[in-house]
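A.B. asks: Each chain is listed here by its residues.
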Amino acid sequence: MPELKKYFLLILIGSSFFLQGCFDMIEQLTLQDNGTGSMQLVVNLSRSRTQLNSILKMKKVNGHRVPSKAEIQKSASDLKEKLENMDGLSDVNTQIDFNNFIATLDFKFSRISHVNAALQQLGAKLKDQNQGFREIYRYDPVSFSFLRVNNFALGVEYRKMSLADREIFSDATYTSIYRFNRNILSVQNPKSKISANGRAVMLKSSAIDLIKGRTKIDNQITLQK
Amino acid sequence: MKKLVFIVWIFFFSVARSQDFNSRVPQNVFGIVHYAGKMLTNTIPITTLDKYGIVNNDFFKALHLDTAHTLSSTGIDFSSDIYQYALSQDSILGFVTLFHINNLKNFINLVDANYGAELRPLKRDGFEMLYLSANSAIAWNGTNGVFISGVFMGKREEFYNGYSDLDSLVEIAPVDSMDLAPPMQDGDLQSDSIAIVTPQDKGNAEKKKKSTGKTRKKKGSAEPAKGKNKKESNSENEITMEPPVVQDEEVPSDSAHSIPYFPLDNDSYDQWKKRQDSIAKYRVRFFADSISSNHFKNIYPPVSMVSGYDRVMDNSAGLSVWLNTNSVFKLFGGTVLNKSFSPFIEFTDLTDAPAEANEGFCTGINFYFLKDKVHTETRTYTFSDNTRKELKALYKQHARKSTAGFINPQNLGYVSVSFNSEAAIRSYYNQLKKYFSYYNYTKEYSDLIGLYVDLMEIIIDEKGISDLFPGNYLMVLHGLGTKQVKYTRYEYDSNFEYQPVEKIKDQPSPDFSFVMDTRRSDFVQKALALPLKYAEKNNFIYIQHNDYYELKFPEEESVLNSLYFMVADGRFVVTTNIDVIQKVMHGQPFDVDKETSKRIAGNNLAAYVDLKGILNAIKPQIKDEGGKQIAEYLSQNLVAIHAFSGFRKGELVAESNFQISDRFENSLIGIFEMIEKVAEIRKNVDQDEQNKQN
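Chains as they are written, first to last, in the numbering used here: chain A, 1 to 225; chain B, 1 to 694.
Hints are computed from structural coordinates only; laboratory data are not their basis. Hints should not be assumed to be uniformly reliable.
[Unchecked claim] Some chain B residues near chain A, calculated using beta-carbon distances under 8 Å:
| # | residue |
| --- | --- |
| 1 | Y452 |
| 2 | Q484 |
| 3 | V485 |
| 4 | R489 |
| 5 | N495 |
| 6 | Q499 |
| 7 | K623 |
| 8 | D624 |
| 9 | E625 |
[Said to hold, decoys possible] The calculated lysine to any residue pairs, modelled on SDA-like cross-linking and capped at a C-alpha distance of 20 Å, are:
| # | chain 1 | residue 1 | chain 2 | residue 2 |
| --- | --- | --- | --- | --- |
| 10 | A | K57 | B | T576 |
| 11 | B | K552 | A | P190 |
| 12 | B | K486 | A | N100 |
| 13 | B | K505 | A | Q51 |
| 14 | B | K505 | A | G123 |
The beta carbon of each residue, even a glycine, is placed where N, CA and C say it ideally should be.
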């Protein structure tokens, strides 16, 4: 009786507050008219640093193996090496601050398609079997139109998770910032905001809202010609 | 006259037995669940149960029943006892439910409505039967019924490329041997059903072949062949398929149970798989026939005759569970795991081991649904005098009375464990010897292994170990406080440029103590002084105070501020609470209630969880609306869990009380109400979210 199990698990989870997770994810992309630009991805787990300090001392949590700091560092170095060897990417940098538990990946690109390729590499590293990282950005330098596509079935993936794993998203946030060197004419996503200088778009949402479909990541941004 | 009294007594005894399903549960079961119908329906009427969503949705769904029915209209008599048991027989892992019927018409309606009215029940000797699926069947007479579910756990035939070559060699009986077969209800087998010839049927089949001329070309005689041997004999044209032969005499032997054989015209895996599924299906049907037939004939030697059954099972309890570890070992060693994962699990197979090997336990867990608590009594009885003696030695030691002085009156929970560690180590040597004596791959070398174990016993100083760790432990959760910790967030300006900003938040911080008895305070003192030498080099803060040590954690980075270590009065203490250290230093224990002191000093295990207190402490940390409301509701209705156990009168006895609010009519209704309410809160919160979204 899965429902029964769910009720009892809910009670258990309620009491396992030590594992309650909170993190912030920031996706920042700066795009020039000619299609070149830079990308920065930040995962900030600082709010959970005390739990993470404890978790890193464990072998397993919620049934998942806990990697060591050295393994995490090596994984980041491997990713950096792979991205450095990819066409169209330069100044690749990965940084993991184990004091504050903030991980950063940034690089420059010569075409938006290179970003897609880089993110697919990241997807492969994260064992993304559903190809969620495939072609998530499109830019047309003629019409000055930028497209952000969501390929992830977040709700489906979320439902597959155990209740304990779902807790990780309970207080997590997602922020995307897209910067241009032209003024923004229009944005298609009603929850996204345009900056005071009119050249950046921000979308901020809780992870739960994204998962439950209350906020969409997809956006079409049209720039002034 | 005496004879007459005897006959009358026998008559009453048999009538009583026939009314009680206890006599219809076979002895070879490894687990029983007993629902005391009258007791339960007095506690919670069926009409009340029908109102709960969890019953008419989840329970009915779990049984694959339509939700149009209610418990009252199933025809099943829930006010009489219901038994469920699990057993392994003929390579089937089976689960059986025995129930009384109070309205046959309603019951048949239920079966018709849910399992297909088009299925025609089979008339058996004194009962009717219906195969519901490949894994389940139901049988009934006017007064009671049995639901059987089984999984075939036997080894599958090996599949290999040359398998199809055997096709022309297999001896096959004509389709008409299925004349007496039960109606094929799935339809999947009927199209190409050809019965494999069992040794018993072989003679008949030969005759039929001669008379009907329907058989295929035969190249060899019917000799059992398996796996590699099949291949070898294939070249000699001497092979036949060995049909699955059921050994149990109780299984009806009519040809109704002939296993249909799929002609292997090609070496397709699908054909092979279909055949394996077919074998599995018919094995389950053999099993179902055997169980139902024996049930209605009431010919089992009752399980109550198993030593210790009556000692540990209380049929007056609302719900009772019985487990027989010997049968579990046999099951996991002999039938299930042995077939699936051998040789790794084979050592647990004690089927052929000498009688003294079967020194397992049977355990009875009895649940009593009282006004404001569910009282559970667990009794574990061992069949062996030797094991009983070992257990007595193991549990003869209890915690010191003063141990309770570490428990603060407002604590959120504690666990106290006491056992004789020296006896535990000594018993381990015996367990090791037994383990290797019965393990198939080592029993030949059991003498040699026994010698090594003896050597180990000589080398290990059990007394020394037990002086260091005598076996008394206590863990106390004094409370759940909060601690301020730093973290980094990003803040954005009007152009969405972001900067990291350091912030501070409250983090839950557990306040606990761990206490362990030791008779080697000198050794523990030395161990505690050692980190002083290495603290600076290894970059941690470890300080010696007058009578205790302190390990300080970096400020605002850990949920703990400090851990304090101390040895005093034959105890090693680790705590987050400096008050505990002060109290020990000044000989001023916490003023704990007498009941707690008594439970800790009088049992081998004593545990307490303040459910209300814990829920109140974690409520502020719960972020989502549903979780908040559920925690609030549960904190008003859950109270505490008390548990204690010890070795008494040759049995391990454990008792626990799951205490809830007394605002409910009784604890069983309380549990249903709480489950219902939690589901309702979840549903409402989801609905609210949905409305917001729209």
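A.B. asks: All the hints need checking, so say for each whether the structure fits it.
C.D. replies: Each hint tested on the structure:
1. Y452: violated, 31 Å
2. Q484: Constraint on Q484/B not satisfied, violated at 11 Å.
3. V485: holds, 5 Å
4. R489: holds, 7 Å
5. N495: holds, 5 Å
6. Q499: violated, 12 Å
7. K623: OK, holds: K623/B within 8 Å of chain A, min 5 Å.
8. D624: holds, 6 Å
9. E625: violated, 11 Å
10. K57/A with T576/B: Distance of about 19 Å is within 20 Å: holds.
11. K552/B with P190/A: Not OK: K552/B and P190/A at ~50 Å, beyond 20 Å, violated.
12. K486/B with N100/A: Holds, because 9 Å separates the two Cα atoms, which is no more than 20 Å.
13. K505/B with Q51/A: holds, 13 Å
14. K505/B with G123/A: Cα-Cα ~33 Å, so violated.
Checked against the numbered hints given earlier, this structure breaks hints 1, 2, 6, 9, 11 and 14; the rest are met.
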